[in-house]
Amino acid sequence: MAAKRSVAVLRPALNGTGSHLVRAQCPPTLRQLSRPLSIQASRPRRNSPRVPVSRRYASSDNSSEQLGRTGLYELHAAHGAKFVPFGGYSMPVQYSDLSIIESHNWTRERASLFDVGHMVQHEFSGPGVEAFLQTITPSSLSTLKPYNGTLSTLLHRETGGIVDDTVITRLPDRFYVVTNAGCREKDLAYLNSELEAFRSDSSNESVEWKVLENQGLIALQGPLAPEILERVLGEAAAKTLKTLYFGQSTHAKIDSTDAEVLISRAGYTGEDGFEISIPPYATEAVTQFLLDSAKDELRLAGLGARDTLRLEAGMCLYGHDLDDSTTPVEAALSWVIGKDRRANGGFHGDSIILRQLKKKSEGGGVARRRIGLVVEGAPAREGAEIVDEAGEKIGNITSGCPSPVLKKNISMGYIKDGLHKSGTEVHVVVRGKKRKATVTKMPFLPAKYFKEPTVAAPTTPASKTP
Amino acid sequence: MAARLSVARAARQLTSSAARRPATAYPVSCQRWQKAPIQSRLFTVSAQWEEKKYTEDHEWVELSADGKTATLGISTYAAKALGDIVFCELPQVGVEFSSGDAIGAVESVKSASDILTPISGEVVEVNSALEEVPGGINKDPEGEGWIAKIAVQAEPEGLMSAEEYKKHTEEA
Chain A
1 MAAKRSVAVL RPALNGTGSH LVRAQCPPTL RQLSRPLSIQ ASRPRRNSPR VPVSRRYASS
61 DNSSEQLGRT GLYELHAAHG AKFVPFGGYS MPVQYSDLSI IESHNWTRER ASLFDVGHMV
121 QHEFSGPGVE AFLQTITPSS LSTLKPYNGT LSTLLHRETG GIVDDTVITR LPDRFYVVTN
181 AGCREKDLAY LNSELEAFRS DSSNESVEWK VLENQGLIAL QGPLAPEILE RVLGEAAAKT
241 LKTLYFGQST HAKIDSTDAE VLISRAGYTG EDGFEISIPP YATEAVTQFL LDSAKDELRL
301 AGLGARDTLR LEAGMCLYGH DLDDSTTPVE AALSWVIGKD RRANGGFHGD SIILRQLKKK
361 SEGGGVARRR IGLVVEGAPA REGAEIVDEA GEKIGNITSG CPSPVLKKNI SMGYIKDGLH
421 KSGTEVHVVV RGKKRKATVT KMPFLPAKYF KEPTVAAPTT PASKTP
Chain B
1 MAARLSVARA ARQLTSSAAR RPATAYPVSC QRWQKAPIQS RLFTVSAQWE EKKYTEDHEW
61 VELSADGKTA TLGISTYAAK ALGDIVFCEL PQVGVEFSSG DAIGAVESVK SASDILTPIS
121 GEVVEVNSAL EEVPGGINKD PEGEGWIAKI AVQAEPEGLM SAEEYKKHTE EA
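Heads up: the protein sequence lines correspond to chains A and B, in order.
Just so it is clear: in the first sequence, position 298 is 298 by my numbering, and no numbers are missing.
Just so it is clear: in the second sequence, position 143 is 143 by my numbering, and no numbers are missing.
Honestly, the hints are just simulated from the structure, not real lab data.
Nothing here was measured: the structure is a model prediction, and the numbers come from that model.
To list a few chain A residues with every Cβ distance to chain B over 10 angstroms, as calculated: (1) Glu130; (2) Thr143; (3) Pro146; (4) Ser193; (5) Leu195; (6) Ser202; (7) Val207; (8) Ala238; (9) Trp335; (10) Glu362; (11) Glu425; (12) Ala447; (13) Lys448; (14) Pro453.
Quick list of in silico lysine-lysine cross-link-like pairs, BS3-like style, CA-CA up to 25 angstroms: (15) A:Lys407 / B:Lys139; (16) B:Lys80 / A:Lys407; (17) A:Lys145 / A:Lys253; (18) A:Lys436 / A:Lys408.
Using N, Cα and C, we set each Cβ at its ideal position, and we do this for glycine too.
Bound-form chain A, shown alone (with noise of 0.2 angstroms):
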């Protein structure tokens, strides 16, 4: 009962399917929108047997019995966990240490570790796999270096829109791809045919896939996040930290375990910070090795925190900011287009995305594109319209929250392109009522990536600007 009572309450703030429904479609009645009084957490259940983890499809029924669970449940559980249900999965929102607030500014002022092992973990290999990847992405990946990863989108046939956003990262012989949980089913799917279609042309090279099943994805992120990792790893592993730079991996080993995990200079909050694939024996060892050897400065955080934080890093959360029918043009997501690809296509939807790469005057451009907001009075939520001065509805907001660092209400929507530059003031309606809008550059608070120095760093404040 308390979980299908928090699919009801959180589902709508977490993910994409449930608050379509909740807030786009359906006009919000005041009982929906009452729901989020009735937030309840489901306890840990200390006595009941210990479920295998097991795989779970984000549109499965979400009756807590079906849920799957990540290899750091019981962790989560023994610090106080209260879960919802995410992709799938039974998910930490918050800890019962800390509130959203106090874990999000814990997570910009220290570190924080999130577990993100619902998320789904790829290998793809064989002599064919930088051709297939290209097409069914638009990441220049043959620039891409080992140890080297990218954000980048799966790409519908012909439309291109956003079938999921991912990360895909080369290794020595593979490439490494997280996709999200809530996708996951689909996203199988989709790789399923594309792969079939892939091989059915005899001119194509072999290419193999396979899903890391039960394997652990953690994030360490936060300004401290460096100093913690080093801690637990050899010197020599210790010392390669210093160079590795963002969107940059490595293999190492943790002390005082035999496992080998990969380590990328990413995540999901604008900070500085690891994520962390680890074996599937090894992942809760590695977690809470990493939590003892940080006891005063690392906290675990959830999906509630996670959500903030990405929110005020301008990042993209799938079925919410992004979705089939967006392709990466009208996403501000164009940079994951490769410099060659540009030039030569060969991906999916390429004739509908290059043509909107054009300018206008050249038949080009969207007809609306995703921005920031920054909202005065109410925060404006997903399903929120953003109108005019004569209150015509020029766009919709797809997420939103109060920003606990710049204690302004942010969101991100999608607006008539033509009104999507910087300054632009427009309304949002909130509870009925027009609130004063202003267009933001995201990210709302600059990022504090650990970028590799630039060869040629620019000397003049004029050069400085992007």
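Starting from the known structure of chain A, fit chain B onto it as the hints suggest.
Only chain B this time, still in chain A's reference frame:
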């Protein structure tokens, strides 16, 4: 998803009605009320109103000593469940609401929640301190953190006693 939501809703309604007070409509024996003149039947106050009452949507209401106004707020349980309240939208004084209307809203980082009034009537006072310090609701949800006062027109129905409400939240 649609099916799941309605399941949740149905389940919710089932527990709500189960938790609803079964039979408290026995005659009132309190002297004060026995003395009340029969003309005031326009608004009859029964024993249920002598104590703070709760709605299944987690609001509380309490009648003033003169029986003319009711103070409304959100329950301690709700305030705790919501977490840090960062924004509170109050109703306008002078506006009349029917029971079941949203008279305002409270927002935490994660969610927006309407405050539904279980009583019909005109708003006579709001706790404007909450506009500056919305976190005041978390500090003392059933005291200093009250939301609004409403001029009572009729006796509300379907409210729960503190004990019934406690049971309601435990069953949830």
